[in-house]
Amino acid sequence: MPTPDFAAHRNALLAALPKDEAVLLLGSPHHLRNGDAEYRYRPDSDVYWLTGWTDPEVAVFVRHGEAPITMFVQAKNREREIWTGFRPGPNGAEDDFGADEAFEYADLPEELPDLLVGIRALHYAFARDSEMDELVMGAIARARRSVRKKGDATPDTFHGLSTLVHELRLRKHPAEVDVLREAARITAVAHTAAMGASAVGVNEFSIDALIDHTFRREGGNGAGYTNIVAGGANACVLHYIVNNQPLVDGDLVLIDAGCEYGFYTADVTRTFPVNGSFSEAQAEVYNWVIRSQFAAIDEARAGRPYTAMHEAACRVLTEALIALGVLEGDVDELLEEEAYKPYYMHGTGHWLGMDVHDVGLYVADGSPRPLEPGMVVTVEPGLYFATDDDDVPERLRGIGIRIEDDILVTADGPENLTAAIPKTIEEVEAACAAGGVI
1 MPTPDFAAHR NALLAALPKD EAVLLLGSPH HLRNGDAEYR YRPDSDVYWL
51 TGWTDPEVAV FVRHGEAPIT MFVQAKNRER EIWTGFRPGP NGAEDDFGAD
101 EAFEYADLPE ELPDLLVGIR ALHYAFARDS EMDELVMGAI ARARRSVRKK
151 GDATPDTFHG LSTLVHELRL RKHPAEVDVL REAARITAVA HTAAMGASAV
201 GVNEFSIDAL IDHTFRREGG NGAGYTNIVA GGANACVLHY IVNNQPLVDG
251 DLVLIDAGCE YGFYTADVTR TFPVNGSFSE AQAEVYNWVI RSQFAAIDEA
301 RAGRPYTAMH EAACRVLTEA LIALGVLEGD VDELLEEEAY KPYYMHGTGH
351 WLGMDVHDVG LYVADGSPRP LEPGMVVTVE PGLYFATDDD DVPERLRGIG
401 IRIEDDILVT ADGPENLTAA IPKTIEEVEA ACAAGGVI
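Heads up: the sequence shown begins at 1 in my numbering, then just goes up one per residue.
Incorrect hints may appear among the rest.
Taking CB as the label site, the calculated pair distances span [unchecked claim]: (1) T226 with D133: 36 to 46 Å; (2) R216 with R395: 38 to 48 Å; (3) G303 with N34: 44 to 54 Å; (4) T226 with D412: 32 to 42 Å; (5) H357 with F86: 50 to 60 Å; (6) N34 with P368: 40 to 50 Å; (7) R216 with N244: 37 to 47 Å; (8) T54 with V437: 30 to 40 Å.
If you're looking for bench data, these hints aren't it; they were derived computationally from the structure. Just so it is clear, CB atoms sit at the ideal spot from N, CA and C, and this is done for glycine as well.
Make the full structure from the sequences, and use the hints.
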């Protein structure tokens, strides 16, 4: 099964890290769901990206020297392992996770001051965990006291992780793309199954459960974010996650769901008819949205500014709103006024990777950053017409349509990682007609 090349990630970080700078990454804590019941643990994306470590209570310190990767991990503890499972411990961190040296996690306060000596700038996510912030600042203070008479450097400059680590994460290595391809494959199976299983009277929660079941059955971690299964006018609520209403004859159902595989997630939206056949009005809106998506995807090319995708989508959607009788006027003037916003109120996409809204800056030197090979973006235009909007022709009210795919920027042009999921009207209606069981 595909896995990221963690050694390549470590080498890339060390190559980009100045000699007198260091990076400190901390694992995610356990979170309680309620009472003493914990959520299923999901590792911190930065820690996993660098090491592949999946357990809590972990810190990773990166600097140049004889031991560039220092890890602090859960101690071996037979009693705790009986309850919660095997712990690799410090030896496992060195043998299997790329650590040049490893300590027990409890040793972090004692060891960190020495590691900080000789470091002028520290890359660390301040203001995320106040308790850990206090530990780090205390370690810096101790390091400064220890070198006061020696003149060695200690951190006096601090960077967030976005300036280095997240820029590296933004550009996906080939092995990461392979993981994303598997996430896309599983997502395709789930969306196609949902189209076949949807029918009049089926509840949104049944489709939601089918999607989750398919993600896990096919080998995924589960959903990369909370599934949206929105029948009828619920699709006009952008982040609708209640998922508890019956599907109604003549309505559309919008599903926004992506499988997380190997801690990398897909992010896909499809909209299709509950009864298997688009009405004339639904098909008209759908074809405009799909046309806008094709225009936006064509802009997902190396060297093009990130905003070009959104601009292309907005132009087609403004043309659509004129053709549908919602807006009147000149396309360019309406674009300048952002007259489309009541009906298309969100962006056309975002970075994608380990996080559904993945890390990486959208602006460089004050301008939209150009796309580069290895970047992965979603492209997700839509049109939404509220049921109570009297400015919209009655035949359109209650229609909400979004179409979203995951696009890899390559030197040869955009590659749609989720192209296998039915999307044209003919493909969607065929998938709905194929049937399925819940």
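Outcome of the hint check:
1. T226 with D133: 36 to 46 Å: Since T226 and D133 have Cβ atoms about 29 Å apart, the given range 36 to 46 Å is violated.
2. R216 with R395: 38 to 48 Å: holds (40 Å)
3. G303 with N34: 44 to 54 Å: Holds: the Cβ-Cβ distance is about 50 Å, inside 44 to 54 Å.
4. T226 with D412: 32 to 42 Å: holds (35 Å)
5. H357 with F86: 50 to 60 Å: The hinted range 50 to 60 Å is violated for H357 and F86, with Cβ atoms some 33 Å apart.
6. N34 with P368: 40 to 50 Å: holds (43 Å)
7. R216 with N244: 37 to 47 Å: Roughly 21 Å apart at Cβ, these two residues miss the hinted range, so it is violated.
8. T54 with V437: 30 to 40 Å: holds (34 Å)
Going through the hint list in order, the structure does not satisfy hints 1, 5 and 7.
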